[in-house]
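Undergrad: Could you slot chain B onto chain A? The hints should help.
Protein sequences, first through last, are from chains A and B.
With numbering that gives the first Met the number 0, the residue at position 346 of the first sequence is 345, and numbering never jumps.
With numbering that gives the first Met the number 0, the residue at position 7 of the second sequence is 6, and numbering never jumps.
Source of the hints: derived by calculation from the structure; they are not laboratory data.
None of these values were measured; they are calculated from a predicted model.
One should not assume that every hint holds.
[Claimed, not checked] With beta-carbon atoms standing in for the labels, derived distance ranges:
#1 B/M199 with A/D33: 46 to 54 Å
#2 B/E185 with A/Y78: 47 to 55 Å
#3 B/G183 with A/R381: 56 to 64 Å
#4 A/V266 with B/E185: 39 to 47 Å
#5 A/A369 with B/G92: 53 to 61 Å
#6 B/G92 with A/T234: 34 to 42 Å
#7 B/R15 with A/V266: 47 to 55 Å
[Stated by the list, open to error] In silico SDA-like pairs for lysine to any residue, Cα to Cα no more than 20 Å straight-line:
#8 A/K154 with B/E19
#9 A/K191 with B/A212
#10 A/K191 with B/D176
#11 A/K154 with B/Q20
#12 A/K191 with B/G123
#13 A/K154 with B/R15
#14 A/K191 with B/S158
#15 A/K40 with A/A21
The beta carbon of each residue, even a glycine, is placed where N, CA and C say it ideally should be.
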Amino acid sequence: MSEQHKRPGMRESASFDRDVIAEIQRAADTGIYDIRGFGAKRAVPHFDDLLFLGASMSRYPLEGYRERCATDVTLGTRYASQPLELDIPVTIAGMSFGSLSAQAKEALGRGASVVGTSTTTGDGGMTAEERGQSDKLVYQYLPSRYGMNPDDLRKADAIEVVLGQGAKPGGGGMLMGQKISDRVAEMRTLPKGVDQRSACRHPDWTGPDDLAIKIEELREITGGEKPIYIKIGATRTYYDVKLAVKAGADVVVLDGMQGGTAATQEVFIEHVGIPLLSALPQAVQALQELDMHRKVQLVVSGGIRSGADVAKAMALGADAVSIGTAALIALGCNHPRWEAEYRTLGTAAGFYDDYHEGRDPAGISTQDPALARRLDPEAGGRRLANYLRVLTMEAQTLARACGKSHLRNLEPQDLVALNVEAAAMARVPLAGTGWVPGVGA
Amino acid sequence: MKTISLAETPVRELNRQLQEQAAHFREPDWRITDPGGRHALAVGLDAPLNVTIDGHVGYYCAGMNQQAHVTINGMAGVGVAENMMSGSVRVRGNASQSAGATAHGGLLVVEGDASARCGIAMKGVDIVVGGSVGHLSAFMGQAGRLVVCGDAGEALGDSLYEVDIYVRGSVRSLGADCEEKSMGPEHRAALAELLEAAGMDHDPAGFRRYGSARALYNFRVDNAFAGYGEEEIES
Numbered sequence: 000m001s002e003q004h005k006r007p008g009m010r011e012s013a014s015f016d017r018d019v020i021a022e023i024q025r026a027a028d029t030g031i032y033d034i035r036g037f038g039a040k041r042a043v044p045h046f047d048d049l050l051f052l053g054a055s056m057s058r059y060p061l062e063g064y065r066e067r068c069a070t071d072v073t074l075g076t077r078y079a080s081q082p083l084e085l086d087i088p089v090t091i092a093g094m095s096f097g098s099l100s101a102q103a104k105e106a107l108g109r110g111a112s113v114v115g116t117s118t119t120t121g122d123g124g125m126t127a128e129e130r131g132q133s134d135k136l137v138y139q140y141l142p143s144r145y146g147m148n149p150d151d152l153r154k155a156d157a158i159e160v161v162l163g164q165g166a167k168p169g170g171g172g173m174l175m176g177q178k179i180s181d182r183v184a185e186m187r188t189l190p191k192g193v194d195q196r197s198a199c200r201h202p203d204w205t206g207p208d209d210l211a212i213k214i215e216e217l218r219e220i221t222g223g224e225k226p227i228y229i230k231i232g233a234t235r236t237y238y239d240v241k242l243a244v245k246a247g248a249d250v251v252v253l254d255g256m257q258g259g260t261a262a263t264q265e266v267f268i269e270h271v272g273i274p275l276l277s278a279l280p281q282a283v284q285a286l287q288e289l290d291m292h293r294k295v296q297l298v299v300s301g302g303i304r305s306g307a308d309v310a311k312a313m314a315l316g317a318d319a320v321s322i323g324t325a326a327l328i329a330l331g332c333n334h335p336r337w338e339a340e341y342r343t344l345g346t347a348a349g350f351y352d353d354y355h356e357g358r359d360p361a362g363i364s365t366q367d368p369a370l371a372r373r374l375d376p377e378a379g380g381r382r383l384a385n386y387l388r389v390l391t392m393e394a395q396t397l398a399r400a401c402g403k404s405h406l407r408n409l410e411p412q413d414l415v416a417l418n419v420e421a422a423a424m425a426r427v428p429l430a431g432t433g434w435v436p437g438v439g440a
Numbered sequence: 000m001k002t003i004s005l006a007e008t009p010v011r012e013l014n015r016q017l018q019e020q021a022a023h024f025r026e027p028d029w030r031i032t033d034p035g036g037r038h039a040l041a042v043g044l045d046a047p048l049n050v051t052i053d054g055h056v057g058y059y060c061a062g063m064n065q066q067a068h069v070t071i072n073g074m075a076g077v078g079v080a081e082n083m084m085s086g087s088v089r090v091r092g093n094a095s096q097s098a099g100a101t102a103h104g105g106l107l108v109v110e111g112d113a114s115a116r117c118g119i120a121m122k123g124v125d126i127v128v129g130g131s132v133g134h135l136s137a138f139m140g141q142a143g144r145l146v147v148c149g150d151a152g153e154a155l156g157d158s159l160y161e162v163d164i165y166v167r168g169s170v171r172s173l174g175a176d177c178e179e180k181s182m183g184p185e186h187r188a189a190l191a192e193l194l195e196a197a198g199m200d201h202d203p204a205g206f207r208r209y210g211s212a213r214a215l216y217n218f219r220v221d222n223a224f225a226g227y228g229e230e231e232i233e234s
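For reference, chain A alone in the conformation it holds in the complex:
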């Protein structure tokens, strides 16, 4: 919030600050809760609260640019006969055609394919554009089952059974009527113009025992070739991961509360779920107790922005990470070149989050043909590929500093925390001490 109107003698309430007052006034005006996209905007303990212990006397570093530091990862080694082999451990998270334009989906596929990683469908089915441009495509199996069909299921390289996402664990998706084009409506078998409420729970199973049978069916239909992921929003992570393993997951995808969304209630985004930093160690603990760490791979998402985030997530035990919001920003979301148009929408570059309105000046979160044409899929793909390369190089730089010849060799012992909260959540020592709050005597 701008400080420009603050003057001595004018004390702003900590409880009723200008954001709170504006929201009460908006609620009173409209009578409907605020819906928006993006992810949580409140500050929560995050990877920024961790630091790496670079090598010195007790550890031996690798040369920062030239020495080999491998980045490959294989997902789905538990059961699938054709696991997914990725060149880098940074994947593109599930985002729907409908919430995103076809051009944006194509650009994500192009960018991911160039650097040898996967992209993911979303709540709306598989488009020809993204299948055509994605060398490795994960097909989401969602509660709504919009556009779900066995032909596309067989075309996929992996299947992700979605139980929830970090932005709204326990909630279904939303796609507002203004984004329902003829094509989106047809793919989802819904009337044009209605506000779509995606289901929040699967229609034909109700618990982990049923899910195990559902996964058995998916394997029967696809001949056991494809890795089966289970995606969960971060809440009761320790138990959810154990149950996902029991249900037969090849891969667990864990999405922290900072994860983005195309549209949901603001109150949901900011008040449900737990930060990735606090969920990741729970997931690793659950896998270790089952002797499944590194056998069932762990992919984490929710606020991954930099190579430092990638490296820290992997040091805490993830096998790979997934990015959504950051990928859209790489494509051009919230870019200053559209500042004048953001202003006409009552916002500004860097603040735009009304993805649900379908008026995205950058042509990404829209179904308006004129706006969508602004995004050149080839150029967008190049920008995304550049960004993915930077994430990877940054993570390699940090790993080499810690003496690791492979990103997967990063370990919790390479990390310390800057504050007590982060130390307790990440289960690493407070910097300069040996103290891990909540662990041991």
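TA: Just chain B, lined up with the frame of chain A:
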């Protein structure tokens, strides 16, 4: 006619042989014996096969079916014919929860009763139930037709989009945004066709029709307190 006993053949091998017919169609008629309540039988088929299963089946029998005609001479577990695209599935006995869930096309006939959530999120399939259906049937149904020759449980058609529901008996209650609709000649004709296809001998005039009130199609403050009707609706 090819006969496979599941007392001798693993489910994976059965499904492999049936699915292989999509690429190399050689044998149209199949009889499966000794199903023993096993799950995921005859799933992912994509050929004009006639598959008869003698006995009770577990979850997801004939799931994601395309083109095939599957008859179950017994009871069916959860999610029979889930996400069916085309073809038909007939259950001679009763079906458990979520029969025909999210199915896009084809015809599902349950000669006995179907449990809760029959036709949940259906997307174009036709479902005919000879007996009664449980609560939340056609929940979030998007397209298609559900015919219930017996009674319907609570919250029928909750959060419905565009599904035509025909019920011959009583409806315990309607779900949010589901209402009774008028029954015109075109509806009676469509219902008569469905009943004939399903082999059910009932007079269409004895049914009532339900569909979406379309009041929840857009988010409005007035929808915040939408709920179920309280009273039982007698036919």
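Undergrad: Are the hints correct? Go through all of them and say.
TA: To see whether the hints hold, each was checked on the structure:
{"no.": "1", "hint": "B/M199 with A/D33: 46 to 54 Å", "result": "50 Å, holds"}
{"no.": "2", "hint": "B/E185 with A/Y78: 47 to 55 Å", "result": "50 Å, holds"}
{"no.": "3", "hint": "B/G183 with A/R381: 56 to 64 Å", "result": "58 Å, holds"}
{"no.": "4", "hint": "A/V266 with B/E185: 39 to 47 Å", "result": "45 Å, holds"}
{"no.": "5", "hint": "A/A369 with B/G92: 53 to 61 Å", "result": "56 Å, holds"}
{"no.": "6", "hint": "B/G92 with A/T234: 34 to 42 Å", "result": "40 Å, holds"}
{"no.": "7", "hint": "B/R15 with A/V266: 47 to 55 Å", "result": "49 Å, holds"}
{"no.": "8", "hint": "A/K154 with B/E19", "result": "16 Å, holds"}
{"no.": "9", "hint": "A/K191 with B/A212", "result": "16 Å, holds"}
{"no.": "10", "hint": "A/K191 with B/D176", "result": "18 Å, holds"}
{"no.": "11", "hint": "A/K154 with B/Q20", "result": "18 Å, holds"}
{"no.": "12", "hint": "A/K191 with B/G123", "result": "16 Å, holds"}
{"no.": "13", "hint": "A/K154 with B/R15", "result": "17 Å, holds"}
{"no.": "14", "hint": "A/K191 with B/S158", "result": "16 Å, holds"}
{"no.": "15", "hint": "A/K40 with A/A21", "result": "16 Å, holds"}
Going down the numbered hints, you'll see the structure goes against none, and every one checks out.
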